[in-house]
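Quick one: dock chain against chain with the hints and give me the complex.
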Amino acid sequence: MTQARDVILARLRQGPQHPLPGRGTLPAQAAQTPSELLAQFGAALAGLHAEYVRAASVQEARAVLAGLLAARGVRRAACWEHPLLQALGAPEILTEAGVETVAPGADGDACRRIAAADVGLSAVDAALAGTGSILLRTGPGRPRAVSLLPPLHVAVVEADRVRPGIDDLPEIFEQLRQETGEPAGRLPSGVFCVTGPSCTADIELVKTYGVHGPVELVVLGLDFTL
Amino acid sequence: MNDRTAFNARSREALADTALRATLAKATGLFAMLRERAIGQWPEGGARIANAAAARLRALHRLPELLEAVEARVAENGGTVHWARDAAEARAIVVGLAQSRGVRSVVKGKSMVTEEIALNPALEAEGVQVFETDLGEYIIQLAGEPPSHIIAPALHKSRRDVAELFARVLGEDGPDDPEALTAVARRRLRQAFLDADMGITGVNFVLAENGAVCLLENEGNIRASTTCPRVHVAVMGLEKVLATARDAADVMQVLPKSATGQTMPAYFSVLSGPRRADETDGPEEFHLVIVDNGRSRIHADPVLRPALACVRCGGCVNSCPVYRSIGGHAYGATYSGPIGILLSSLLDGGEDNPALPGACTTCGACAEVCPVGVNHPRLILELRRRMAEEGAQGGVGIAARAAARAFALAARHPALFSLAARGVRVLDPELARLTLLPPLSAAARSRTLSGVKRPFSERWPELAKRLEAAAKSEEEQS
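Going line by line, the protein sequences match chains A and B.
Mapping to this note's numbering: the first sequence position 47 is 47, numbers consecutive.
Add 1000 to a position in the second sequence, counting from 1, and you land on the number used in this note's numbering.
The shape of chain B in the complex, shown without the other chains (with noise of 0.2 Å):
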């Protein structure tokens, strides 16, 4: 159970490793200007999010029929898709895919959703090599580690880290170079693009207009891992659709500058099934794996559902004062950051997690930088006035009574919700006192939070009472 005891307990520990925060801003802090520097200044910036936040929700709002459309367009191609309620039947899928068409070795694109149906134990289960080939991706595979960040896996590994591994593992000693490093990488691996006999990568989205998948990446991994082996695997969660070509270009617009600060990333490849007959490389065979695990509860649900509208740039988690100071592991989920809390709490098995909508400060960073609008803060408090909501039935205490009283007044007010959404500094006076800085800024002023006197279960009462009166005045008022 990832519960507050071992949150808390892998937080305090990556609190106290220096390197690793020092690793922590110095990555997050380029991201995130990179990021304000290629859309944050762009003064189109915000009618593209505009747009791309609207092609992902007219997605979401149509999904059912979009999907049947995907299914019908990438039969039309040439590939076969396959359904999988959770992890278990995805896996199954795959592993099953593996085992019918006598695949020895499988060369991997990132994917996170690999990662969230643990794919690869599955696959070793069965004997059959899998090299992750993604450079962040491959070095914490040789390392015996989950990735540490949606875009940078291996961003808690430094040069010197990644040059031991190497020797120790592939017996690999050369100078400790990032270039010298790549390449090492880039030799092992070219061989492994070789010989493999099954691709699997992500989906970044998929076209309900021509069933085309879209996979956007750097370094070429992806591009070998579809171009070499006879068979494509693409693991989708069953939410990256876009209707049309226009809507893959709006959100073209935004996700790369987003997630990397890039107009483009080097490789967006657009898969229409495996190679035509007259065509002389390429896969033979194209499989379409579309995963659940819990997304059509997220898409049912009539508050939560624009968490499934994320198109993974990890801007959220550059921004998130918490992620700055604790890192992705001590998260102890597939995804974190902000849109990890929402994600981890919700998909299957998100009952595990029932620490994770804590580490939030609800400062708003992160709903300021998502390139398709998604207001994290917001869904945040919605789960945990949900949770409260539950311990107050259970009978947990007077705080979590309290506290699910607020969240439910909220909840019943739209407008009163989106003003604590913004800032609850408005209502809470020893919070006000609080300086606002810009988002680049974030956990500078986190960190000012201990200018808080007191805990906010004692502040509770005297705060329920502005509320209800701020609730009435919204009431009189409309």
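Same shape as in the complex, but just chain A (with noise of 0.2 Å):
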């Protein structure tokens, strides 16, 4: 076993050595207030075969989700354990549509359990304007699980989490890495780049979706502060 790795790394450093390339940069950006760059997020992400709804206060963004409950028929719901979920009164919406929330528990489970929900409530961390791009991190209370295994993906975003595009993936993975307490070098154990629903086109080329994950994706957005 270390004899394996030694030999490959002795092999690898009798290479030839050669100067480092270096990186060019490219022009900036114009800057853009958050409500541009999440309106710029939900243009990108119409494109994808994703919904995207805009809420601007409370009580629309409370109406989105539950005029979104009653239109898919939902019975059963994964729903993270998220400081914004709680604020918009998700667990409550849920409770007075009748629908069962579904708790992972801690036995190995979660998967199975989370699979047999009709949708998964998240709340997202970062999103790429130029993309529609949402980035889940894991966590307490935030299963991978929910935002792959239902049929009905539904994300929550704040204006000032979106950045531009994905030049801003080091610094956003950077923000994630402080906002868990995590030592330098170490990011949170998953940190997911959703871009649109599940989607294939390995039969004849042909764009089809939900082949493993949500067949459909909705994001709201929530252009207003909590």
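Don't take each hint at face value.
[To be verified] Here are some of the chain B residues that sit facing chain A, going by a computed Cβ distance under 10 Å:
(1) Phe1031
(2) Ala1047
(3) Trp1083
(4) Ala1185
(5) Phe1193
(6) Ala1224
(7) His1299
[To be verified] In silico negatives: residues of chain B with every beta carbon more than 12 Å from chain A:
(8) Thr1023
(9) Arg1104
(10) Asn1120
(11) Val1128
(12) Glu1279
(13) Asp1301
(14) Gly1349
(15) Glu1390
[As the list claims (entries may be wrong)] Calculated from the model, a selection of chain B residues having no Cβ within reach of chain A, i.e. all distances over 12 Å:
(16) Gln1099
(17) Ala1122
(18) Ala1125
(19) Glu1126
(20) Arg1159
(21) Val1169
(22) Ala1245
(23) Gln1393
Since the hints were made in silico from the structure, they are not lab data.
A virtual CB, placed ideally from N, CA and C, is assigned to each residue, including glycine.
As structure tokens, this is what we get:
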């Protein structure tokens, strides 16, 4: 085992030395307000076979959530324990709609339970305006399967979480590390950048949605400060 | 032995298969068009490719140091790193993990390196059930075939073929529209994810600064394979390292665009070890298997190292007139297309594929689309030069010796070499008659080669003189 390691590393060290090529800089983008970034994010998302809904107030956001549950006939939900969802009153909205909330449990059977839900509810740690991507990190009360196994994934994003694009990923990773109190050089166990619903084109290149992940992705954009 | 006779026989068969050729034309044309729209016409495209290429080369030039950092960071994240010198060691590591953890079933994300090391048969031989979970891979696993394309492994199957396959193997009778067929796979594999003890994936890249394994996909099967089972094993070629998240962002700017025309894939997962104590899902154990299998030899090579920069987008494959004509299976190796010629020749066992370096017209369409700046024709010419040299030493014949002499000459004169890689047309009057077309018409261009009247071997003595003269004037100028 160590032998293989040492042999491989020794072989690699024998390779020729080359100067390291540098990185070119690209022209900086004009700064945008959180509202503008959120609007750009929504437009990008809408082009991805996903639904974007903007809410200008808590009341509107609550109405959108309640409306979604009713329209999709949701009976069981898997919901992150997240301050943003608490602040919106998501648990009360679910109870009022007569929706059963699935508890993942710590016995190793969380996936099976979450897979039985009709909807997964999460809150977004960061979003990319240019690509319509949302980023979700793991942590207590934030099972990975919530954004993956139910057929519908509903995610809530605050305007000030939206960054311009892919170039911002390093800063986002650093922000998530700091928010979770991880030491330098260590990210949360999982960071998932989600861009649209699960899809494939493996049969005759016909785009088909909902292969293994959600068939439907709805993102609720909060264009106000809580 | 995958020699010229075998390669030619498979190529002839593929060329006679009109249905296959129609599928290939449609698929490669579509991917090439999507890629062209996303990156070819992107004003920043060139600068972005330069940054991604630099990120990859920096990683290759610092590889031993970065791999040690990966090992340390993965351990800090609670995972374990394993090293495999060759395919057999890699298989033994994964099979050993499966046995010691009492694994009965495995769900797999699409991974070329696990094809390369022939992992599935090794697991199955030990009684472990293996489910390929990428839809394309699932289809070809049911059919008992190898993948035919790096991105779309079941490219060669029609909806009719898939419906018949599902009916025959799964007893699932239903309509043959892609949506219904996809729903069948979802239902079947959902159960497999929930029941599996181990998830096995490849690695798009691992970051040396934090040990995070990055995985790109559209279906969600890789996420499910790394969320539901209690053990996650990621298998990577030792070159799949990037130093920092900044480098990863630079590669992410070009990789999905080159592969499928997407700005981002549906899922880009950044995984740092097993689940933490306060989390309710995700693997309890994480293992990273680092596979050499000939890569350290490529790394040590003064000319060929850049072949390891490849990020497996499939762009070169879609652009290649040879691939577009014969498809992936005709190559008779794990990797096909221009990058496949290089990897299949250079990885362990490469000597069994002597015909592959010939499967290139040196048209350069691949180098033009590569998002990390790999100059495939240049590297393939180097392969041919070396083979010819070996052939010449073994006394293989006048043509081979002449070719060896020419390639050796070109190799001694870098400017001349890059000239040759850009287009032998400059030096070869018969090839110069061919019209230069944009890369999307590369296949059409290759057909006009029929306008060349005499074989290369006959034209060679004359060309050799021109090459010598050009080299001389090059030297005088410098």
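Outcome of the hint check:
The criterion of a C-beta within 10 Å of any C-beta in chain A is met by Phe1031(B), whose closest approach is roughly 8 Å, and the hint holds. At its closest, the beta carbon of Ala1047(B) sits 6 Å from a beta carbon of chain A; the interface hint therefore holds under the 10 Å criterion. For Trp1083(B), the shortest C-beta to C-beta distance to chain A is roughly 4 Å, which falls under 10 Å, so the interface hint holds. Contact between Ala1185(B) and chain A, as hinted, is supported at the beta carbon level, the nearest pair being about 7 Å apart and thus within 10 Å.
For Phe1193(B), the suggested interface contact is upheld, since its CB lies about 7 Å from the closest CB of chain A, less than 10 Å. Hint on Ala1224(B) holds. Least Cβ distance to chain A is approximately 5 Å, under the 10 Å limit. With a least beta-carbon distance of about 5 Å to chain A, the hint placing His1299(B) at the interface is held under the 10 Å criterion. A beta-carbon of chain A is positioned within 12 Å of the beta-carbon of Thr1023(B); the least distance is around 8 Å.
Taking the minimum C-beta to C-beta distance to chain A, about 16 Å, the non-interface status of Arg1104(B) holds against the 12 Å cut. The claim that Asn1120(B) lies off the interface holds: its Cβ sits roughly 18 Å from the closest Cβ of chain A, which is beyond the 12 Å cut-off. Val1128(B), annotated as away from the interface, keeps every beta carbon of chain A farther than 12 Å; the closest lies near 20 Å. Distance to chain A contradicts Glu1279(B) as a non-interface residue, since its nearest Cβ pair spans about 6 Å, not more than 12 Å.
The beta carbon of Asp1301(B) is not kept farther than 12 Å from every beta carbon of chain A, the shortest such distance being approximately 8 Å. The Cβ of Gly1349(B) sits about 17 Å from the closest Cβ of chain A, beyond the 12 Å cut-off, so the non-interface label holds. Listed as outside the interface, Glu1390(B) is consistent with that label: its C-beta sits roughly 22 Å from the nearest C-beta of chain A, beyond the 12 Å cut-off. Interface exclusion of Gln1099(B) from chain A stands, the closest Cβ pair being 16 Å apart, more than 12 Å.
Distance check on Ala1122(B): its Cβ is at least 17 Å (rounded) from any Cβ of chain A, clearing the 12 Å threshold; non-interface status holds. The beta carbon of Ala1125(B) sits about 22 Å from the closest Cβ of chain A, which is more than 12 Å, so the claim that it is off the interface holds. Annotated as non-interface, Glu1126(B) keeps its C-beta farther than 12 Å from every C-beta of chain A; the closest such distance is 20 Å. Listed as outside the interface, Arg1159(B) is inconsistent with that label: its C-beta sits roughly 5 Å from the nearest C-beta of chain A, within the 12 Å cut-off.
Distance check on Val1169(B): its Cβ is at least 16 Å (rounded) from any Cβ of chain A, clearing the 12 Å threshold; non-interface status holds. Annotated as non-interface, Ala1245(B) brings its C-beta within 12 Å of a C-beta of chain A; the closest such distance is 4 Å. The beta carbon of Gln1393(B) is kept farther than 12 Å from every beta carbon of chain A, the shortest such distance being approximately 24 Å.
When each numbered hint is compared with the structure, violations occur for hints 8, 12, 13, 20 and 22.
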